[in-house]
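Those protein sequence lines, which keep their order, are chains A and B.
Following this note's numbering, the numbering of the first sequence begins with 1 at its first residue and continues without gaps.
Following this note's numbering, the numbering of the second sequence begins with 1 at its first residue and continues without gaps.
Keep in mind that the hints are not guaranteed to be accurate.
Remember, identical chains collapse to one label, so a pair may be satisfied in a single copy or spanning two.
To be verified - Lysine to any residue pairs mimicking SDA-like chemistry, simulated, CA-CA at most 25 Å apart:
| # | residue 1 | residue 2 |
| --- | --- | --- |
| 1 | 64 | 18 |
| 2 | 226 | 201 |
| 3 | 64 | 277 |
The set of hints was computed from the structure by calculation and includes no laboratory data.
Number of protein chains: 2
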Amino acid sequence: MSPTQTAQLMNGTGLARRIIEETAARAARISQRTNVVPCLATVLVGEDPASVTYVRMKRARCAKAGITSRHVGLPATTTTAELVDTLAALSQDPGVHGILLQHPAGEHIDERTAFEAIAPEKDVDGVTMHSFGAMSFGLPGFVSCTPGGIVRLLDEYDVDPAGRHAVVVGRSAILGKPIGMLLLAEDATVTYCHSRTADLSAVVREADIVIAAVGRPRLIRGEDIKPGAVVIDAGYNPGNTGDVDFDTARSRARLITPVPGGVGPMTIAVLLAQTVDAAARQLGVQGR
Amino acid sequence: MSPTQTAQLMNGTGLARRIIEETAARAARISQRTNVVPCLATVLVGEDPASVTYVRMKRARCAKAGITSRHVGLPATTTTAELVDTLAALSQDPGVHGILLQHPAGEHIDERTAFEAIAPEKDVDGVTMHSFGAMSFGLPGFVSCTPGGIVRLLDEYDVDPAGRHAVVVGRSAILGKPIGMLLLAEDATVTYCHSRTADLSAVVREADIVIAAVGRPRLIRGEDIKPGAVVIDAGYNPGNTGDVDFDTARSRARLITPVPGGVGPMTIAVLLAQTVDAAARQLGVQGR
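Please model the complete structure; the sequences and the hints are all you need to start from.
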């Protein structure tokens with residue numbers, strides 16, 4: 001592909017819509033067969049406006065997809081122990097099929113300890129160490145939602161990671177690390193870069209698939225993109241800005257995700273799909 | 001460093017001996033204070049000669065270090081469920097501080113299911129998904145022993161992975177994947193290569209630190225080594241042959257592990273050290 005050509009956009013909005021429609025149909029079948037409506041518990045500590053908005057958005061999507069959501073709002077003063085108790089109780093509750101703890105839980109909370117209180121079979125947000133291990137070892141389990149969404153997007157656009165060099169910029173527990181492991185499981189050669197990487201541009205220029213997941217606006221620029229590469233921008237910065245400088249990157253990439261409308265919508269779609277998967281398993285019915 | 005210079009050898013035998021001496025002193029202190037001798041349970045399914053030898057060697061090292069070992073030999077016909085029961089019982093047994101399931105457990109055994117029956121606090125071999133998650137997220141926990149040994153070797157020779165490019169060849173659950181995660185936690189830029197990697201030599205040539213962990217004799221040759229690189233050969237092939245072609249690699253590397261006497265001895269040293277760590281924690285005494 002010539003470098004002057006313009007990349008095809010990867011339409012996450014459209015794919016997410018199709019996944020949610022399919023998920024809604026599955027939720028309806030489960031509800032009909034079992035008289036139980038799949039249920040996602042959403043747990044929010046404090047009242048951070050962005051977090052309140054995210055949780056509201058997720059609950060609204062649940063409602064549209066025929067998934068009940070049970071919201072547990074906890075005061076900002078909640079301790080780690082109290083949060084663990086809440087999550088452990090939801091893990092035991094047969095009326096709850098999936099559990100989402102909205103991140104960030106607050107500076108005084110030991111978020112890892114909290115996450116680990118979520119039973120693996122209800123970890124539909126894919127945040128536990130068990131889920132990370134399953135992703136890493138290619139075992140059944142729930143994937144971290146944004147990485148899971150990226151894998152589905154690649155698949156939708158017939159990008160087979162096998163034998164390709166995927167460069168992941170960022171190494172967070174819920175995004176960078178798991179997407180690298182998922183791509184490794186799909187036989188990509190995977191490089192993890194981060195703030196301590198000596199020459200980021202040089203490494204990114206080797207990538208057939210770039211995953212930007214670092215949270216620094218426009219860190220990756222067109223000149224860093226190998227002509228013909230697939231560019232996935234999972235960055236999320238104020239003002240709807242990704243980690244990739246879209247305008248310069250799109251003239252070199254073969255495929256690129258826009259921000260917004262690329263990776264973003266996929267995250268909720270995977271969350272809903274996994275909630276229905278969890279309900280199907282717990283209710284002992286076919287999920288498909 | 002000039003490419004014609006010969007690499008310094010990384011003496012795993014010597015470092016392992018020092019770690020075991022230190023571990024023996026700690027085991028003695030714990031035994032004295034608590035009247036309980038740290039205990040490692042070794043579990044072996046079947047009578048594969050190599051596995052029998054490994055287990056015998058590990059038990060002999062335990063004995064020298066003042067660690068009791070309790071051996072559980074199971075017939076080759078043991079089912080996964082029976083093995084899980086055995087491991088679960090050892091996980092509950094207050095007289096056992098660490099558990100080692102000798103790999104491979106046999107073709108008819110679901111080894112992952114078996115590993116997961118080991119309680120994380122007794123997983124001194126670092127094989128559970130929980131331990132892998134802890135390694136990956138930089139949390140307290142037991143490391144997979146060979147990767148843990150590699151990290152100690154690098155530290156011993158003042159190799160700081162931060163900002164360096166580490167290339168891991170191999171992606172097994174107990175070696176390749178965890179060593180990559182440990183190096184990433186130490187701020188290396190990490191690339192995972194494997195059998196599907198398009199141009200392995202080209203990727204390895206970018207490495208400041210090469211970790212060969214694939215089990216293919218002399219796969220990595222001198223011409224693949226960047227002059228001045230650190231070469232860790234964790235390969236283990238018949239005839240004491242590593243994954244690195246030692247004779248050609250040593251003329252380009254700055255530091256290199258011999259086979260045998262490099263990574264190999266470190267694995268048991270870390271196993272013993274972690275067994276004493278586990279005992280100290282479970283007995284509620286200072287482990288150092």
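Evaluation of the provided hints:
1. 64 with 18: The answer is within: 13 Å in one copy meets 25 Å, while 63 Å across copies does not.
2. 226 with 201: both (10 Å within a copy, 20 Å between copies)
3. 64 with 277: Close inside one copy (17 Å), not across copies (52 Å); limit 25 Å.
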